[in-house]
Amino acid sequence: AQSVSQHNHHVILSEAASLELGCNYSYGGTVNLFWYVQYPGQHLQLLLKYFSGDPLVKGIKGFEAEFIKSKFSFNLRKPSVQWSDTAEYFCAAYNAGNMLTFGGGTRLMVKP
Amino acid sequence: NAGVTQTPKFQVLKTGQSMTLQCAQDMNHEYMSWYRQDPGMGLRLIHYSVGAGITDQGEVPNGYNVSRSTTEDFPLRLLSAAPSQTSVYFCASSYYGGEAFFGQGTRLTVV
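Chains as they are written, first to last, in the working numbering: chain C, 1 to 112; chain U, 1 to 111.
Simulated from the structure, these hints should not be mistaken for lab results.
Since we're looking at a predicted model, the values are computed, not measured.
Each residue gets a CB set at the ideal place from its N, CA and C atoms; glycine is no exception.
You may find that some hints are simply not true.
Stated by the list, open to error - Listed next, with one range per pair, are the computed distances between beta-carbon atoms:
id: 1; chain 1: C; residue 1: A17; chain 2: U; residue 2: S80; range: 45 to 51 Å
id: 2; chain 1: U; residue 1: Y95; chain 2: C; residue 2: G62; range: 33 to 39 Å
id: 3; chain 1: C; residue 1: N8; chain 2: U; residue 2: G97; range: 22 to 28 Å
id: 4; chain 1: C; residue 1: P55; chain 2: U; residue 2: V12; range: 42 to 48 Å
Construct the complete structure from the given sequences, taking the supplied hints into account.
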């Protein structure tokens, strides 16, 4: 069965620090990859997605992610975080014949 | 365009009671799914549907039933609520392999 792993459960950063959140998936075939963000008390919203093509994907709010097929990874990055980025971040993978599988989430706290 | 509408937003049940969480989407998506979100466990798939009349089990289906009589609606039924079903439930819809759109969530407490 497909699985998605997020290495960091909690991350605390100061404003302007750089962010990298790890994500690995287990499926070896064609896979669509997503990062979602959940602000406190809200539902999940899409940050970015990768289906094919350029492995460096840019999303909303200055986020980007890099797909590295050989490492089964899809790490999320942001050069300079803001207090408003405080949220929980979920990596997700979708492969043919299966539904969207989520990682366990990473809670990010940005200190002003 | 309402997207995914999920009701109710909050619900308290007594152990053994049954209830239905409603989910409707107006984007003509083939896929609809139900997830539960628990602290530290991410979102776990309960049931999903690839089209009207077709449903399948996800990772944690026990204690839940679904049906998909129309493309738009995908209700989730709790047959006999248990405290272990206290959670936040999200309905989602998508095209095949595409971005999932989520409802606002239902916070369910079973006492």
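| query | Which of the listed hints are not met by the structure? | reply | 2
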